[in-house]
Amino acid sequence: MSDAVTPPAAVAGTGIQKRDIGIKRRYAAERRFRAYGLIAIALGMLFLAALLYTVISKGYTAFQQTAISVPVTFSEKIIDPKGEGAQNPQGLMMANYPVLARNGLVKELGIDPKNKKLVSAAGKMLSAGSRVQLRDMVLADPSIIGKTLPVWILASGDVDSAFKGQVDLSVDQARRQVDDQQIAWMNQLAKDNILVKRFNTGLFTNGASSRAETAGVGVAIIGSLYMMGIVLVLALPIGVAASIYLEEFAPKNRWTDLIEVNINNLAAVPSIVFGLLGLAVFINFAGMPRSASLVGGLVLSLMTLPTIIIATRAALKAVPPSIRAAALGLGASRTQMVFHHVLPLAAPGVMTGTIIGLAQALGETAPLLLIGMVAFVVGFPASPMDPATALPVQIFMWANEAERAFVERTSGAIIILLGFLAVMNITAIILRRRFERRW
Amino acid sequence: MNMMSEAAVEAAVGATAATQPPIKMQGRLVNVSYGDNQALFDVDLDVRLHQVTALIGPSGCGKSTFLRCLNRMNDTIDGCRVKGSITLDGADIYDPSIDVVELRANVGMVFQKPNPFPKTIYENVAYGPRIHGLATGKAEMDEIVETSLRKAGLFEEVKDRLQSAGTGLSGGQQQRLCIARAIAVSPEVILMDEPCSALDPIATAKVEELIDELRVNYTIVIVTHSMQQAARVSQRTAMFHLGRLVEEGATDKMFTNPDDQRTQDYITGRYG
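Heads up: the sequence lines are chains A and G, in that order. Just so we're aligned, residue 49 is where the first sequence starts under the numbering used here, counting upward by one. Just so we're aligned, residue 417 is where the second sequence starts under the numbering used here, counting upward by one.
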């Protein structure tokens, strides 16, 4: 020790510059290290920007859908050819509504109704979803039969893609889905403002559909919300209770060490393993329904538990021991100490951890594939027991579709998912900022 | 009731034995170990009613450990074992029939670093009385808070901002807030673990003054590293070294004419 102190006095007379302690090298090393850091950040930002650019540039068009304003004549001859009226409700259900829409468009375009080929081509410009749309109008108000009303009918997926400029028109018309005649009609209608792009509410409200233009993430969003709810209700209380016990009550011994190691390991278990577990335990053993958000929620809860426990324990550890001592010194019991002082102070950390765990669960796909949530679900799930899909699974399914119109929808759904994740993470940051305490 | 009568007996014995105040707390053959490390060896020490007992000694000598035994704060440390007997008014505080919550209400504690709860000043003081059910209504609670803050000499300084955060006070004020918080549950003994080590001299002087005033109503045990402080505030001093009680006696005698050479050396600053 004393040796380290004395040398400066000995060399003081000769000046400190003479000693080579590598000042220049130290500064160079520091500059180099900072440069590495900057490069790393720049690369990270670049990748992020590239990712966002590809997704948004491909997907933003999905939020608009081409629709055509067609003057539809609700002709009784087509809807109710036998004049049965109310005696045969099945008749109204089964009527050939697409013909109504086609006839309207044919009239609008001024095509000779007898030219079968042209009429058929015009009909293909409209989405087959018009069947459901017009039927619902008639069922809601049968008095419109016989009247002519302007109705916004979605253009078919191919026309939509063409109108958005996603179809290469230089290709020979035989080798693409929309022929030149249809393109000409499309441009003609667009000029008259009859064919326009409108905000795509269907993307958010529709369920699965084999036709791109009527496919939406509605069912997936509901399924994801059910699962988030189940994860929140299950994983949060169990995780917080487990962490409080481990952190504040449990003795530190071999068993608690073992539990801790296992929890940390569970956080790193591949999610597909949880899917297998869910399949084996919840579906095969407990006999729960397949494809149900209940099972998905349970599996995701198992996955989220370690995340929540680790975050909660970190938050509890961050509460200064002096606060615990103060409460105990006043004669508070351990439970009072935890619930009156420690937990409220740890709450922002717990919430942050929970939201991040939820966000992770929201984006999880692999385990859901195994429990059958890759399903073609058209109807909205009324309860978590009903079949449903989830947002990331919907993205996965659309990504497998070949049609051009599904490509933009895939990216559109990714944007929606990223939007949810961004909202959740921003909430976590705001919570942390607002409630974080400095000691 | 039993406790009271025993206390009375102790008091009578104390009075006849010498002109000393009765014994409030008594440690006999106190041995404490943390895991394999023994921190205290056979400590016998009396704490007398309405006196300030100072525990001095170099770092790691076991004085804080002994202090924390007096309200069983050591219970909260894993692997800590306490042997021997410590009594409060004649009743063994480590007896299974003694409730540690009640004990800590009777033996309050002020810590080295001011540690107010991150709540309002009012809430800091009201917390103890609330969990012990000492106040039946808002008015009564207000009164407890005011009296406690007054006794801690803080009321005049904070009366206009009782609803602002306790952590926003200065260090000295925070420490007096912690004292007020300890007083609020009407303890009989107050333990102070180096209460002034984080304070500047002016705040220290205020706290020392306060300790002297509190002696009238409470029995105080204080751990301190400052010899001057021990000399200023205490009536009795106990010197610890390497886990053993070196000597104990009236502060005047300890500082002028200690029996043990180690005490002499420590007090005069030769080591420690």
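I should point out that these hints are in silico values taken from the structure, not numbers from a laboratory. Glycine residues also receive a C-beta, built at the ideal position from the N, C-alpha and C atoms. Any given hint might turn out to be false.
As the list claims (entries may be wrong) - Capping the alpha-carbon separation at 20 Å, the derived lysine to any residue pairs in SDA-like fashion look like this: (1) LYS535(G) to ASN313(A); (2) LYS300(A) to ASP681(G); (3) LYS535(G) to ALA373(A); (4) LYS529(G) to ASN151(A); (5) LYS300(A) to ASP228(A); (6) LYS172(A) to ASN151(A); (7) LYS195(A) to VAL154(A); (8) LYS125(A) to LYS212(A); (9) LYS300(A) to LYS535(G); (10) LYS300(A) to LYS529(G); (11) LYS535(G) to LYS212(A); (12) LYS172(A) to ILE159(A); (13) LYS669(G) to ASP681(G); (14) LYS535(G) to THR383(A); (15) LYS300(A) to LYS669(G); (16) LYS212(A) to THR196(A).
Stated by the list, open to error - Some residues of chain G that are not near chain A, with every Cβ distance over 12 Å (derived): (17) PHE533; (18) MET557; (19) LYS575; (20) VAL601.
Verification of the supplied hints:
no.	hint	in the structure
1	LYS535(G) to ASN313(A)	38 Å, violated
2	LYS300(A) to ASP681(G)	41 Å, violated
3	LYS535(G) to ALA373(A)	16 Å, holds
4	LYS529(G) to ASN151(A)	86 Å, violated
5	LYS300(A) to ASP228(A)	77 Å, violated
6	LYS172(A) to ASN151(A)	12 Å, holds
7	LYS195(A) to VAL154(A)	17 Å, holds
8	LYS125(A) to LYS212(A)	36 Å, violated
9	LYS300(A) to LYS535(G)	31 Å, violated
10	LYS300(A) to LYS529(G)	26 Å, violated
11	LYS535(G) to LYS212(A)	59 Å, violated
12	LYS172(A) to ILE159(A)	14 Å, holds
13	LYS669(G) to ASP681(G)	15 Å, holds
14	LYS535(G) to THR383(A)	19 Å, holds
15	LYS300(A) to LYS669(G)	46 Å, violated
16	LYS212(A) to THR196(A)	30 Å, violated
17	PHE533	6 Å, violated
18	MET557	15 Å, holds
19	LYS575	22 Å, holds
20	VAL601	6 Å, violated
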